[in-house]
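Participant: Chains L and E supply the protein sequences, listed in that same order. So the first sequence is numbered by the working numbering: it starts at 12 and just counts up by one. So the second sequence is numbered by the working numbering: it starts at 203 and just counts up by one.
These are computed hints drawn from the structure, not numbers from a lab. Incorrect hints may appear among the rest.
[Claimed, not checked] Derived lysine-lysine pairs resembling BS3-like cross-links, with alpha carbons at most 27 Å apart:
id : chain 1 : residue 1 : chain 2 : residue 2
1  : E       : Lys388    : L       : Lys140
2  : E       : Lys285    : E       : Lys684
3  : E       : Lys394    : E       : Lys684
4  : L       : Lys140    : E       : Lys285
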Amino acid sequence: MELNASQQRTLCALADRIIPADEFPSASELGALSFATDLFSTDLASAGGAVVAGLDSLHGEAHAIGGTEFAELTQEQQDALIQDLLQGNTRAEWKTSAATFLRLMIAVVNEGYYADPDNGGNAEGVSWKMVGFEVREGMRLLPEGVTV
Amino acid sequence: MSITPNHNHFDAIIVGSGPGGGITAGLLCDAGFRVLVLERGQDRTYDEIGRDHLRNQRISQYGHNGGPDIEGNPRVVELDPRKPGEMSVVKPHQGGYSNNAAIYGGGARVYGAQAWRFMEQDFRMASTYGVPEGSSLADWPLSYQELEPFYEKAECEIGVCGSAATNTNRAWRKSEYPMPALPATKAHKTLKRGAEALGWNTFPTPLAINSVEYGGRAACVQCQHCVGFACPSDSKNGVHNTLLPRAIATELCTVITGAMCETVDTDGRGRVTGVSYLVESGGSVTRHRATARAVVVSAGAIETARLMFNSHTDVHPNGLGNHSGVLGRHLQGHVYSGALGLFEEPVWDSIGPGVSISTSQFNHGNAGIVGGGMLSDEFIKTPVIFWHRCFPADVPRWGLAAKEWMRHAYTRTIHVIGPIQDIPNPECRVQIDRGVRDKFGIPVARLSGAVHSESLRTGEFMFENARTWLRASGAVRIWGDKPGLHLSAGQHQAGTCRMGTDPATSVTDPFGRVHGHDNLRVIDASTHVTNGGFNPVLTVMALAFRNASALAAELNQL
Ligand SMILES: Cc1cc2nc3c(=O)[nH]c(=O)nc-3n(C[C@H](O)[C@H](O)[C@H](O)COP(=O)(O)OP(=O)(O)OC[C@H]3O[C@@H](n4cnc5c(N)ncnc54)[C@H](O)[C@@H]3O)c2cc1C
């Protein structure tokens with residue numbers, strides 16, 4: 012999937028509303044952009060075209076409500092727009108359903124963020140540290156009655 | 203692995219290297235027979251199986267790690283049981299495919315290793331409960347009594363840990379498990395307190411995992427990637443690290459991986475002569491034939507039925523073993539039922555495999571319920587599984603609220619769940635679809651049907667029990683869904699070559715001998731008449747020990 016600069020900005024901004032920054036990084040800070048572009052070029056290549064079109068439509072929606080691109084809207088405007096689109100209320104032209112597009116993006120961004128770092132969307136396993144999923148190896152408890 | 207045979211006649215050919223096939227290979231080689239094992243999957247190392255959180259046998263978003271290859275191996279399935287006859291072509295990692303695995307060692311290469319014995323009543327469901335309308339509930343043609351020594355053999359030779367002494371709702375047994383139970387996790391202790399308050403008996407979940415060094419291999423390192431992955435310390439016991447290496451060590455066993463059996467071949471009278479198989483290598487496919495005194499089909503419940511259909515001849519136009527139209531019917535797995543509970547304090551200590559405590563309080567003896575089910579806490583969930591499957595319906599899946607839920611709930615949630623005794627029906631079935639072919643041109647499996655209403659009723663009953671257990675254990679919030687209408691098969695698939703004494707209602711006799719074909723055996727989950735209210739693999743293994751020993755005793759005469 013090839014994205015132009017404007018589509019990339021839209022994707023980053025959308026990913027960061029799906030998983031915003033707080034004391035832990037946002038989705039784009041952990042690699043959402045490259046995770047999503049890789050996935051939509053490989054395993055989900057069949058959805059790549061629809062995603063590009065969806066990002067353009069989201070751009071169109073932002074213009075319709077704020078006269079600017081999605082990344083330039085306030086966070087409140089972005090959230091309200093996402094909510095609205097998930098409910099099927101649209102202003103711009105959509106080739107496929109806006110809600111379907113957003114549900115797909117929500118799943119993909121979360122998959123990248125919470126999957127293993129090798130998938131590219133969870134740099135250094137930061138989300139795992141955040142939730143408390145530790146990868147440890149080496150027995151820590153012995154069975155009852157067993158001593159070393 | 204590809205050890206090319208320098209001869210193509212064997213005492214026995216085994217199709218499939220899973221629990222059924224692997225044990226059969228081990229026992230036949232022990233008895234001095236020359237055996238060929240054909241496995242369509244590859245022999246993958248721990249590193250090759252990997253730890254991809256989006257592509258494994260537990261969550262297969264974009265692929266998986268235990269086969270079959272996602273291209274070239276479709277099935278045709280009825281995705282919505284409310285729309286019978288509406289068929290879809292699906293890939294192995296997609297919903298509805300009912301995949302187990304296709305890899306050297308079969309499902310047990312990447313399984314969760316819960317190693318359960320069925321209870322005595324599980325072998326006589328029809329006598330105990332009667333036959334619900336529309337179901338094909340039946341007794342097994344053998345009793346727990348007959349299988350007990352083989353359960354013990356399976357537990358010792360494969361290696362199972364547990365504590366029979368603490369389980370008060372189980373079948374009688376001659377001996378304790380060969381290894382002590384794995385240690386109790388924090389979730390285990392939390393749930394134990396709840397169960398005690400309710401007066402329910404609990405015990406450590408039996409697992410085919412080394413809790414101590416066993417069979418020359420190390421003890422479990424308690425990692426977080428057990429179910430759906432391979433074991434970093436080789437402490438998870440399947441056939442790939444027990445019976446198959448033992449067979450190979452005799453030098454009597456030839457294993458060919460990447461070998462897809464196309465047909466079981468028969469002569470004009472219907473006597474089995476051998477198999478035809480295909481091997482793909484470097485982009486080209488070669489066709490081979492091997493002959494043997496006996497053929498054992500151990501391809502897993504769906505693929506075994508598919509192979510038997512595809513082995514049709516003029517003498518057996520509907521497939522081998524399908525003299526009565528029973529082949530492929532009574533397909534069953536397990537309806538899973540359970541609930542999730544949120545606790546105020548963390549209940550997680552990151553100690554794998556995660557599943558640690560179980561109750562068999564509700565497997566039988568439930569007023570108004572046909573059978574019942576077992577409940578356990580769940581395997582460790584990867585965070586991405588938690589995101590996909592563990593959100594209450596009213597928690598948003600995006601935004602700060604979703605992130606906060608992940609952060610708060612991941613270490614504070616316990617999932618209590620278990621398999622219920624499926625009530626089989628003949629409309630759940632495997633057929634073949636001549637219009638859709640795999641990459642070799644072989645007609646693929648076609649799956650249709652939906653679980654019996656009694657299974658859903660038991661599902662609701664167990665859903666309430668799971669909630670009760672969580673509440674009594676201190677959960678402050680409980681959620682989850684009751685099971686809905688679907689085809690139950692998947693990783694616990696069974697039943698497609700039902701065994702019995704009457705050829706009119708069964709495919710094989712009580713030893714897996716296909717009626718009318720003395721030298722053709724089915725040794726895998728296909729022969730299960732019912733599938734118990736427990737994970738099935740130890741029963742697959744015990745039956746394999748029993749039926750492969752019987753084959754070894756008569757192979758010279760076949
Ligand atoms: C992730 C996961 C977790 C599980 N957890 C548990 C658990 O905790 N407890 C439990 O009891 N069970 C569990 N299971 C299920 C368990 O693995 C199965 O019950 C068991 O593997 C069934 O054994 P089988 O011999 O019937 O078939 P399989 O294991 O399916 O073996 C059949 C083999 O035959 C091969 N094959 C098929 N067709 C052909 C052909 N035409 N030619 C050549 N080869 C062929 C397949 O590739 C496969 O390797 C789990 C399974 C999975 C995948």
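Participant: Run every hint past the structure and note whether it holds.
Facilitator: Status of each hint after checking the structure:
1. E:Lys388 / L:Lys140: 19 Å, holds
2. E:Lys285 / E:Lys684: Since the Cα atoms of E:Lys285 and E:Lys684 sit roughly 21 Å apart, the hinted pair holds (cutoff 27 Å).
3. E:Lys394 / E:Lys684: 24 Å, holds
4. L:Lys140 / E:Lys285: Distance ~45 Å between L:Lys140 and E:Lys285 Cα, so the pair is violated.
Violation of the numbered hints given earlier is confined to hint 4; every other hint is satisfied by the structure.
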